[in-house]
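Chemist: Listed here are the chains, written in short residue letters.
There are 2 protein chains.
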Amino acid sequence: MARPREFDPEAVREAAIRCFWTRGYEATSIKELLEETGLTAASLYNAFGDKQTLFRIAFEHYIETGINARLRHFERLPPRQAIEGFVEDTVQRSLGDAQHKGCMVVNSALELAPHDAQVRAAITEVFERIESFFLRCVRAGQVDGTINAALSARNLARSLTTVLMGLRVLARVRPEKALLEGATAPVLALLAPAGQ
Amino acid sequence: MARPREFDPEAVREAAIRCFWTRGYEATSIKELLEETGLTAASLYNAFGDKQTLFRIAFEHYIETGINARLRHFERLPPRQAIEGFVEDTVQRSLGDAQHKGCMVVNSALELAPHDAQVRAAITEVFERIESFFLRCVRAGQVDGTINAALSARNLARSLTTVLMGLRVLARVRPEKALLEGATAPVLALLAPAGQ
DNA sequence: GCAATTTTATAATGATTATTCTATAATTCA
DNA sequence: TGAATTATAGAATAATCATTATAAAATTGC
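So the protein lines, in turn, are chains A and B. Take any residue in the first sequence, count from 1 to its spot, add 427: that is its number in this note's numbering. Take any residue in the second sequence, count from 1 to its spot, add 427: that is its number in this note's numbering.
Calculated from the structure, these hints are not laboratory results. The model shown is predicted, which means the values in this text are computed figures rather than measured ones. Heads up, a few of these hints could be off.
Copies of one chain are not kept apart here, so a pair can be met inside one copy or by any two copies together.
Claimed, not checked - Derived DSS-like pairs (lysine-lysine); straight-line CA-CA distance at most 27 Å:
1) K458 x K478
2) K528 x K478
3) K604 x K528
4) K604 x K478
5) K604 x K458
6) K528 x K458
Please put together the full structure from these sequences, using the hints given.
Modeler: Following this line, the structure appears as structure tokens:
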């Protein structure tokens, strides 16, 4: 019933993710977004509202593809392997991240969460989802004997979540293999049943 | 030999720390700094150079008082207590931080380190200092029998450092006592010698 | 008290910020 | 084909950004 848009909204969303992920929210200007997306200001505002709305759209999609999809993937593995796999995958991603972009959720947790209730709510949800992923794995592993049943499952899950966040911080400054792998080793070793 | 300045440079530095700590570098405007310090633009630029220089001065002082002084304090305790004390102190600080400002070093690690080599160098130094504090404590504790000697001291130190960073991230979003204390418990329990 | 020097206050600077206005182009339904 | 609708391009907007120019004020050594 009207002129069709010339751009692909998904490609624009991906370009927005690249911008906000690399520089953060404040440091990304509309000008940069226009250059990266190839849109004009009018098209971007017409299609996405304002900068804040575009960020939220990009952020939600990052959470879905960068966090939720990964959790669903590792959740299918046996519990001990699911935990190790998710942690090791995070280390690998950090080491392979040539631009040191880190994790967009962790970055936003520091830049935006304290001053933006909506972003904080989204991040809280992510953190709780990661914690409960670990919690389910630990409990299942304690049942099938692959994880030490003497430890508090809840605290272990929280500790694993915390290590994950800490890795993302360290990696933005010192993305060194020995450091990141060394940091995870004692916590992963802690999972081992008492006998072994 | 000339007109004396009317302001106290140390008070200005403290005001700058408050601004940059609360909002970060980019989000803090010169206007805010002038309001918080009570200075005029001419005075601030005359005395401190530009925004970047003022940040560096504030940041260096934060590192000295907020990190180095604390490390020196806990370093005097017996090794196991030094580790536990430093970690628990960090948890307490996070819980008592009504504005959720977090740690200025961790905040800057994400906002500035990837794009500012000088800041990255300062933060790398801090992270290495924390790691070597933990390393000295772990080794001493393994010698005096208060820490499990079967574990890799280097990896334990790295793990403790990582947990510390992770706490600062979590606390900016979910500053809950049970969460932060629960997250540290397994790693601190890990230190216990095999017998106990 | 005067010259020299530095700090102040005020205003102005040019650049960049996010956002919107105007007009034209491209489509669909009738 | 024409009316309605939406997308585009390009320029304009007002606000804010960090920084500096100008000139008056306050001190010291002489």
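Chemist: Does each hint fit the structure? Answer for all of them.
Modeler: Against the structure, the hints come out as follows:
With identical chains, the CA atoms of K458 and K478 are at most 27 Å apart both within one copy (11 Å) and between copies (23 Å). With identical chains, the CA atoms of K528 and K478 are at most 27 Å apart both within one copy (20 Å) and between copies (24 Å). For the identical chains of this complex, K604 and K528 are intra-copy neighbours only, at 16 Å inside a copy versus 30 Å across copies, given an alpha-carbon limit of 27 Å. Taking the closest pair of Cα atoms, K604 and K478 never come within 27 Å of each other, the shortest separation being 36 Å inside a single copy and 35 Å across copies.
In this assembly of identical chains, K604 and K458 lie within 27 Å of each other by CA distance neither inside one copy nor across copies; the values are 36 Å within and 42 Å between. Within a single copy, K528 and K458 get their C-alpha atoms as close as 20 Å, which meets the 27 Å cut-off; across copies the closest is 30 Å, which misses it.
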